[in-house]
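Chemist: Sequence:
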Amino acid sequence: MHTRNRFRPPGAMVLLVVAAVTLCGCRDFLNGNPQGTLNERTLTNRAGVEGTLIAAYRMLDCTNATNADWGCAASNWIWGSIASDDAYTGSEASSPSSIQDIETYAWSSSLVESTLNTKWRAAFEGIVRANATIRLLDKVLAQRPAEISAGDAKSIRGEALFLRAHYHFEAWRMWGNIPYYHANDRDFRQRNVGVNVVANLKIDLDSAIALLPVTPRNGQAGRATSWAAKAYKGRVQVYARDWTGALTTLRDVQLNGPHALETSYDRVWTGFEAFANGPETILAYQASANDGEPNGDNANYGERLNFPHSGSPFGCCGFHQPSQNLVNAFGVDANGLPLAVSNPNWNARDTNLTGADAVPVDPRLDWTVGRNLVPYKDWGLHEPDWIRSPSYGGPYSAKKNVHEKASGAQSNVGWTNTQLNSVNIHIYRYADMLLLLAEAEVEAGVLENARAIVNQIRARAGQVAQGCGSGDDAAADSVLQATYPMCQSDDRIAVPLHQSATVDSLTTPWAVYRIGLYATPWIDQVFARTAVRFERRLELAMEGQRFFDLRRWAVADQVINDYLVVEKNRRAYLTSAQVFSARHSLYPIPAIQIELSRVGTEERLVQNPGW
199 MHTRNRFRPP
209 GAMVLLVVAA
219 VTLCGCRDFL
229 NGNPQGTLNE
239 RTLTNRAGVE
249 GTLIAAYRML
259 DCTNATNADW
269 GCAASNWIWG
279 SIASDDAYTG
289 SEASSPSSIQ
299 DIETYAWSSS
309 LVESTLNTKW
319 RAAFEGIVRA
329 NATIRLLDKV
339 LAQRPAEISA
349 GDAKSIRGEA
359 LFLRAHYHFE
369 AWRMWGNIPY
379 YHANDRDFRQ
389 RNVGVNVVAN
399 LKIDLDSAIA
409 LLPVTPRNGQ
419 AGRATSWAAK
429 AYKGRVQVYA
439 RDWTGALTTL
449 RDVQLNGPHA
459 LETSYDRVWT
469 GFEAFANGPE
479 TILAYQASAN
489 DGEPNGDNAN
499 YGERLNFPHS
509 GSPFGCCGFH
519 QPSQNLVNAF
529 GVDANGLPLA
539 VSNPNWNARD
549 TNLTGADAVP
559 VDPRLDWTVG
569 RNLVPYKDWG
579 LHEPDWIRSP
589 SYGGPYSAKK
599 NVHEKASGAQ
609 SNVGWTNTQL
619 NSVNIHIYRY
629 ADMLLLLAEA
639 EVEAGVLENA
649 RAIVNQIRAR
659 AGQVAQGCGS
669 GDDAAADSVL
679 QATYPMCQSD
689 DRIAVPLHQS
699 ATVDSLTTPW
709 AVYRIGLYAT
719 PWIDQVFART
729 AVRFERRLEL
739 AMEGQRFFDL
749 RRWAVADQVI
759 NDYLVVEKNR
769 RAYLTSAQVF
779 SARHSLYPIP
789 AIQIELSRVG
799 TEERLVQNPG
809 W
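Under this note's numbering, the first residue of the sequence shown is numbered 199, with each subsequent residue one higher.
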């Protein structure tokens with residue numbers, strides 16, 4: 199394996215387990231008869247239970263069996279970024295895709311129907327596998343009581359319950375009205391009306407908290423722990439606007455738990471093994487490269503479209519391009535504070551922000567966005583020919599999901615293997631959790647606690663900025679060093695910012711980086727709410743969270759419609775975008791799933807309003 203001390207299986211094991219679960223989990227769940235050579239007798243042992251649990255973890259990202267259109271990516275880049283003001287579809291207009299329909303809110307198109315169904319299938323397949331683990335565990339404990347220790351049995355059950363909660367949460371924030379499945383449910387045709395999803399999520403997570411150990415079982419990073427389950431419970435409480443409960447839960451994790459911010463922002467999204475599964479990781483898809491799977495399908499399958507295109511070292515495919523609105527959002531004032539918090543004209547820039555522009559920016563910009571004449575980690579300068587169609591998708595590239603060349607995280611096999619890597623895909627990280635806690639503090643009126651959290655996030659963001667790095671090859675290195683002679687003697691990917699009492703700043707040949715703290719006590723709840731929400735955008739940009747945030751804040755219609763008014767003048771295809779309206783408050787349930795839910799003449803799944 200490329201990485202160590204994790205529980206990610208080699209590819210062959212993934213295929214075996216998926217086949218087994220399909221027979222003992224899905225078909226049993228669908229009340230059908232197994233077809234094939236594997237059955238529950240084959241799996242009724244410790245190895246079967248552990249393998250079935252690994253298969254449940256595997257559904258955190260796309261597999262080559264479930265993916266058709268990248269709707270199942272662990273990062274939710276389509277549903278959380280493209281559907282928001284963070285990103286454009288990218289690539290080029292001639293690439294047939296449902297993603298542009300999602301971006302333009304034409305969610306009733308047949309292409310979107312298929313992509314929604316991919317997401318639905320992935321979420322509920324994860325639930326099936328988690329429930330299959332619980333059923334198989336109970337069977338092994340009954341038939342072979344000495345095979346699995348009491349401690350391991352508790353942890354296995356806790357991990358399965360944690361995953362079951364996660365997959366239900368993913369479906370709930372997509373569709374709102376969903377069925378909730380338990381291990382003993384045999385008929386998948388459950389109703390989605392009148393289901394208290396939040397109550398069920400809390401029950402599962404409370405059970406997981408009680409069952410799970412405080413550190414990963416067997417010392418294997420990536421397994422759920424009681425602290426991860428508690429942090430996730432707090433996430434659910436914030437989404438449900440249970441501010442009192444969220445404060446209790448998340449303050450406990452903050453004060454007593456093992457999680458912490460990485461020391462610098464460059465260590466959050468990285469291919470370097472030394473920084474994988476650091477203190478910031480709560481739940482991440484544990485991607486695996488060069489592990490024996492012949493097609494590289496364990497190596498961030500769901501992200502493989504989101505690399506710079508053919509002029510770059512990655513060769514393809516240029517989707518998920520940062521919007522001009524997002525780039526403008528990283529602008530700062532003289533104190534290093536976000537312009538968007540205080541300046542109504544923050545989004546005025548319509549032209550490409552390149553390394554030739556001495557505009558003060560938050561240093562997180564160049565860890566998030568690839569832009570021309572700025573080093574792109576250690577792959578050389580981001581160049582115009584890295585963009586497939588600038589007139590369509592704009593001039594910027596995604597960056598967080600991309601590995602460093604020096605990390606060795608790139609896959610050696612697979613279709614366009616340069617797009618495949620072992621970068622952990624953060625589904626829930628500690629900075630996200632802290633900012634959820636800050637929201638709860640604001641809503642409870644404890645504004646100074648919220649300010650302290652935001653300043654903690656900003657102080658970490660001010661530790662380092664993008665450095666020279668190096669070029670992909672000798673030619674790229676020569677261009678980099680000729681453009682910026684300082685890079686002849688400094689190939690660091692990350693360089694320290696100069697520190698001062700309130701403002702961090704570093705002037706490089708390609709950027710003026712500046713980030714300051716909120717030095718004045720917050721006494722206005724409206725301002726505090728704005729500052730916390732905007733900090734979430736900067737910290738979590740391009741991580742698939744933005745759309746869900748806008749929607750739960752009940753500001754999606756205003757923010758997105760205002761965004762479209764401006765962006766239609768930047769990207770011509772957005773002139774066809776539909777007005778974001780009440781029906782977009784929930785994604786439409788795939789019609790095929792409604793049809794499959796029919797019992798007699800009754801459709802047990804009821805479509806969301808407006809669709």
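These aren't lab readings, by the way, just hints derived from the structure by calculation. Take the hints with a grain of salt, since some may be wrong.
[Claimed, not checked] Cβ-Cβ distance ranges computed for the label pairs, FRET-style: (1) Gly-417 to Pro-492: 28 to 34 angstroms; (2) Arg-449 to Thr-799: 48 to 54 angstroms; (3) Thr-446 to Asp-688: 45 to 51 angstroms; (4) Gly-392 to Val-412: 35 to 41 angstroms; (5) Pro-683 to Ala-266: 17 to 23 angstroms; (6) Pro-683 to Ile-790: 18 to 24 angstroms; (7) Glu-581 to Arg-449: 44 to 50 angstroms; (8) Ala-245 to Ala-752: 47 to 53 angstroms; (9) Asn-262 to Ile-792: 35 to 41 angstroms; (10) Ser-676 to Lys-766: 37 to 43 angstroms; (11) Pro-582 to Trp-751: 34 to 40 angstroms; (12) Arg-449 to Ser-540: 26 to 32 angstroms; (13) Ala-245 to Trp-751: 44 to 50 angstroms.
[Said to hold, decoys possible] Restricting the straight-line Cα-Cα distance to at most 30 angstroms, the calculated cross-link-like pairs of lysine-lysine (DSSO-like) are: (14) Lys-352 to Lys-337; (15) Lys-400 to Lys-337; (16) Lys-352 to Lys-400.
Values in this document were obtained by computation on a predicted structure and should not be read as measured data. Cβ atoms here follow ideal geometry from the backbone N, Cα and C, with glycine treated the same way.
Chemist: Check the following: the C-beta atoms of Glu-581 and Arg-449 are separated by a distance inside 44 to 50 angstroms.
Modeler: 47 angstroms, holds
Chemist: Hint check: Lys-400 vs Lys-337, CA-CA at most 30 angstroms. Holds or violated?
Modeler: 26 angstroms, holds
Chemist: Please test the hint of 17 to 23 angstroms on the beta carbon pair from Pro-683 and Ala-266.
Modeler: 49 angstroms, violated
Chemist: Using the Cβ atoms, figure out if Ala-245 sits within 44 to 50 angstroms of Trp-751.
Modeler: The hinted range 44 to 50 angstroms holds for Ala-245 and Trp-751, with Cβ atoms some 46 angstroms apart.
Chemist: So does Gly-417 sit 28 to 34 angstroms from Pro-492, Cβ to Cβ?
Modeler: At 29 angstroms between Cβs, range holds.
Chemist: Between the beta carbons of Ser-676 and Lys-766, is the distance compatible with 37 to 43 angstroms?
Modeler: 41 angstroms, holds
Chemist: Starting from the hint 47 to 53 angstroms, judge whether the C-beta atoms of Ala-245 and Ala-752 obey it.
Modeler: For Ala-752 against Ala-245, whose Cβ atoms are near 48 angstroms apart, the range 47 to 53 angstroms holds.
Chemist: Holds or violated: 26 to 32 angstroms for the Cβ distance of Arg-449 and Ser-540?
Modeler: The hinted range 26 to 32 angstroms holds for Arg-449 and Ser-540, with Cβ atoms some 29 angstroms apart.
Chemist: Next pair to validate is Lys-352 with Lys-337; report whether the Cα-Cα distance is within 30 angstroms.
Modeler: Answer holds: Lys-352 to Lys-337 is near 14 angstroms, not above 30 angstroms.
Chemist: Is the hinted pair Lys-352 and Lys-400 satisfied, with a Cα-Cα distance of at most 30 angstroms?
Modeler: 18 angstroms, holds
Chemist: Quick one: are Pro-582 and Trp-751 within 34 to 40 angstroms, going by C-beta?
Modeler: With Cβ atoms ~36 angstroms apart, the hint holds.
Chemist: Determine whether the Cβ-Cβ distance between Thr-446 and Asp-688 falls within the hinted range of 45 to 51 angstroms.
Modeler: Holds: the Cβ-Cβ distance is about 48 angstroms, inside 45 to 51 angstroms.
In the structure shown, a violation is registered for the earlier hints numbered 5, 6, 9, in ascending order.
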